[in-house]
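The listed protein sequences derive, respectively, from chains Z and S.
If you count by my numbering, then the first sequence holds residues 1 to 311, one letter each, in order.
If you count by my numbering, then the second sequence holds residues 1 to 66, one letter each, in order.
Watch out, some of these pointers could steer you wrong.
Unchecked claim - Derived PhoX-like pairs (lysine-lysine); straight-line CA-CA distance at most 25 Å:
| id | chain 1 | residue 1 | chain 2 | residue 2 |
| --- | --- | --- | --- | --- |
| 1 | Z | K34 | Z | K10 |
| 2 | S | K10 | Z | K2 |
| 3 | Z | K25 | S | K21 |
| 4 | S | K39 | Z | K2 |
| 5 | Z | K34 | Z | K2 |
| 6 | Z | K25 | S | K16 |
| 7 | Z | K198 | Z | K112 |
Hints were generated in silico from the structure; no laboratory data involved.
Each chain is listed here by its residues.
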Amino acid sequence: MKTCTQCGSKDVIIERKHSGQRLCKECFIKGVNKKVLKDIRKNELLKKGDKVMVALSGGKDSVMVLDILNTYHERNIIDLCAMTIDEGIANYRQDGVDIAKRHAKRLGIEHKVVKFEDCFGFTLDDIMHNDPKRGACTYCGVFRRWIINREARNMNATKIATGHNLDDETQAVLMNYLEGNIENLTRIGPKTESRNEKFTVKIKPLREIPEREIALYVLAKDLEVHLAGCPYSSTSFRGEIKDFISQLSIKHPTMRYSLLKGFDKMKPSIKRDFTKEFPESKDCIECGEPGSHGLCRACVFKKEIENNITK
Amino acid sequence: MFTLIRGSKKEEKEIKNDDYKIIDLLKELDLPTETVVCKKDGKIVIEDTVIEDEDEIEIIQVIYGG
């Protein structure tokens with residue numbers, strides 16, 4: 001009978017293929033918590049007095065971030081608030097929004113729900129039903145980042161926390177490398193930096209935790225989460241990369257870890273040689289958001305979509 | 001026989017042999033083990049767990065592929 005390698009309990013909930021470690025619920029939760037707290041310290045993601053805005057979709061990753069950061073909040077180390085984006089994806093997004101609301105209420109924290117429709121005048125479904133030039137994820141990512149940056153300032157947050165996990169990070173590294181986007185690689189990491197004070201620092205506390213362990217964590221702790229997959233995700237290049245990494249990891253279970261470790265070793269060199277030095281960044285002439293020349297990407301996309309919808 | 005729960009669907013299934021494990025069930029259903037978390041009688045278990053008579057096995061999809 002397989003028992004927990006830490007405490008001997010026979011109620012094993014995970015067998016880590018890359019290490020042979022087997023853990024019961026209590027040892028697993030304790031171990032993951034310890035790992036995330038260690039990574040927060042190692043990467044200097046938080047400091048006392050931070051007000052952290054969690055980008056809370058109601059999915060397993062952001063609910064786990066909220067749960068772990070709440071331990072800092074309870075100890076009065078940080079202030080915590082949450083923001084949920086409603087892209088207007090029918091039969092999908094509402095469940096996540098409702099779950100996010102319940103968590104924020106349970107923890108007694110400030111929570112805002114922001115809709116694409118209110119920000120831009122259309123939903124993601126509207127975009128995709130009107131002869132879009134680009135994939136759903138391309139539009140969605142740009143619009144979501146625009147909202148996150150703006151709302152962090154509105155909520156006076158000093159940090160934005162997202163639920164990006166090991167799978168997300170390794171996909172991002174591989175996607176950008178395969179597409180030859182070396183400059184984008186300079187921006188992948190546990191914490192963003194920007195000289196522009198309109199950009200709030202983003203942190204990724206779960207960056208080294210594999211996606212499946214996040215799912216296991218929230219289920220083991222009986223945290224309510226929205227597990228369904230986005231109906232638009234099957235059409236993306238990221239989805240192809242995800243399948244590719246999953247396939248390789250069957251016979252090579254350490255692959256995600258070694259990929260990220262290798263990247264993190266290389267990153268200082270890539271950053272030194274490939275960071276694009278922009279001249280003093282100007283705000284978008286349309287919306288005032290930072291970091292662009294002329295129109296920001298969200299405004300460029302918005303004009304493109306408005307043209308399509310009125311055609 | 002055991003009960004298989006997937007989402008809101010419940011069905012009774014036969015236990016194929018003495019050493020019938022969750023991993024065998026997942027292979028039959030063509031479900032990669034990495035994409036699901038399984039419960040036996042409400043408790044999370046690993047895929048190497050034997051399915052016994054009258055067990056309630058729940059398969060929860062946690063990861064969606066590309």
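Consistency of the hints with the structure:
1. Z:K34 <-> Z:K10: holds (22 Å)
2. S:K10 <-> Z:K2: It is violated: about 29 Å lies between the C-alpha atoms, which goes past 25 Å.
3. Z:K25 <-> S:K21: holds (20 Å)
4. S:K39 <-> Z:K2: holds (16 Å)
5. Z:K34 <-> Z:K2: holds (24 Å)
6. Z:K25 <-> S:K16: Not OK: Z:K25 and S:K16 at ~29 Å, beyond 25 Å, violated.
7. Z:K198 <-> Z:K112: Between Z:K198 and Z:K112 the Cα gap is close to 20 Å, so the pair holds against 25 Å.
The structure is inconsistent with the numbered hints 2 and 6, although it conforms to all the rest.
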